[in-house]
Structure formats: C-alpha cells, structure tokens
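Student: Residue-level listing of the chains:
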Amino acid sequence: MNITINGTSKELASAKNLSDIVNAFCKQSKHVITELNGTIVPRGQWAQTSLQEGDALELVTFVGGG
Amino acid sequence: MTDSPLVIAGKSFASRFLLGTGKFNNKKDLSQSIAASSSEIVTVALRRIDLERHEENILEYIPPQVTLLTNTSGARNAEEAVRIARLAKASGYGHWVKIEVINDSKYLLPDNHETIKATEILSAEGFVVLPYISPDLYTARALVKAGAATIMPLGSFIGSNQGLKTKEFIQVLLNEIDLPIVVDAGIGAPSQAAEAMEMGADAVLVNTAVATAQNPAVLAHAFAMAIEAGRLAYLSGLPLQQSDARASSPLTGFLYAKSDAN
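First to last, the sequence lines map onto chains A and B.
Its first residue numbered 1, the first sequence is counted upward by one per residue in this note's numbering.
Its first residue numbered 1001, the second sequence is counted upward by one per residue in this note's numbering.
Heads up, a few of these hints could be off.
As the list claims (entries may be wrong) - Not the full set, but computed from the structure, chain A residues with beta-carbon under 10 Å of chain B: (1) Gly7; (2) Lys10; (3) Lys27; (4) Val60; (5) Thr61.
Bear in mind the hints are in silico, worked out from the structure with no lab data behind them.
The beta carbon of each residue, even a glycine, is placed where N, CA and C say it ideally should be.
Can you build the whole structure from these sequences, using the hints too?
Tutor: And the structure:
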C-alpha cells in the first residue's frame, strides 16, 4: 500500500492503523500531531483510524521558533 | 515600587519578557536561557517531523509552568495560519497562538490584512490570539475588534537586531490601543528592550539576539534585568527631555563669586 507521509511517498507492507504508522515513523509519539487528508485526527482515534491507498498523512510536532 | 502583573487573556504574568526558542545551537543553551530569562511565555513553531532524523522534542526542554505560545510561521495567508493553529491545539498544549503570516521572503514583513482575518477566525474558536504585525493603528484597531489578546508590533526587521526603528508608530499604538502591547522582532540588545519598556510597552519578545549570543543564558539574564529596569523607569514617570542645560547643584551660596568672563 502506498501513502504519502509529510510529502514523501511511502510503501507500507500491509494495511495499518494510524497508531501503527506513528509508532513506526516517530521515535516517540508523545508530542506528535496527525492530519489525515487535511483533517486532524485526535490521538484518541489513532487506533481506530485505518489508512487507505493514496492517503496523505502529515506528522507534525513542535520545534524551536520565535 | 510594586507593579501590577502583565495580564493576557485573564492570565497574570510576573515576567514581561517573552522568549523565542528558535536558532539555539543546542538544547542546553535553550533550557539555561529559559531559566535565566525568568520568562513565563515562550514561543515555539510547528513543523513536519523529520522521518529520517530522530531528535528530542523541544517540549522536553520547556518547564511545564511556562505558557506555550505556538507561532504560525510558515503560513503565507490566513487559511494556512488557521490550519497551523488548529494542529497546535490538537496537541493538547497550545491554544495560545502567535499569528505570523509572511509572504515576502526578502523583508519577512507580516501581512497585516491576512493576520486580521486569521485573528477573527481563531478568536471565535476560543484561541488566545497574539497577532504579530507591522505597527499600524488601523490594523491594531481591527485586531481589537477581531478579539486579539495583545498586539505585537515589530521593532525592526525580524532577526536584524536593529532595535526600535518603528518607535513612533509603536508610540501611537501605546497611546490608542487598550490591549497589552508586546514589542516583537528586531530587538537586538537589552538597551533596546529597556527603551521599549520605558515608552510604556507592556512586554518584549526576543529570540535571535539571545539564541545567537556567544553566551545565550547570560544575555537572557541581561535582557530580563533591562526589561525590569525599563518597566520601573516607565512607572516612575520619566521626566521630559530638555533642549538646554539645567544645573543639578544649587545655583546659590557659591564659595567664589561668578567671574566676569561668564
């Protein structure tokens, strides 16, 4: 299955839920915020959110800034 | 002399120094600078996670009692600023947002018009909105109407360390706008921060100067002292400048008679 994460195409071995994806791509999920196809997915819904072929996922977090 | 606290959106702050967290060489300098600044509000930005490089999250270095102010840097219009603000809020940390809308890559000046639009939308959604603007009276009035919590006029170009180039226009906002005025951008030295506070600014936000100093924590402390000194000077009722000399010592009872030469 192919999805786009943070603008980069990623091939996933099998269909996964959002919680699996976050854990696979982020060192720690604590401060991760997710947006799937333009809609914010709250942390509490990650496990119930399954990814589809062609989905666009944003994984964002806080960094230093002024 | 006792000062009243800085109040933003009903929340009281003893410190009038807001610190930005960008450009620090390392996390140790950052956490020491936050401590030395006594800042109770620090800004952060929101970015895509780098999937190739695992870095420790900046939030691990910001004390929990500090209010997090997420900026919308990277936004080129109101719509993008609103999206970034909503993402920050979804983290559970940030419903305080600094609106920063920039679409000019040379001068990095904020787009006041788009900033007003974003402020209207986000204030209505319950965000505490601190808009960053080029100092302009009509923009500031529109922002008051739009529900802004403060007005944050720039002192000079972002990251330029040029100080209060916009002083006269900030003075207009201080005279006319009944919201806290936080001078943001371009403040490169404690003397410049003190100057803003002596005018009656309610607070100052500094990032580049501290982050790029040889010893950031020392400069953070110096800024904190200057901001406090400037605030006290403002509260003291500074005497006006005079165009001629006024003797400080009595002009009577001289030991010597005034010479004829005078």
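Student: So, for every hint listed, does it hold in this structure?
Tutor: To see whether the hints hold, each was checked on the structure:
1. Gly7: Holds: closest Cβ of chain B sits about 7 Å from Gly7/A, inside 10 Å.
2. Lys10: OK, holds: Lys10/A within 10 Å of chain B, min 8 Å.
3. Lys27: With Cβ-Cβ at 4 Å, under 10 Å, it holds.
4. Val60: holds (5 Å)
5. Thr61: holds (5 Å)
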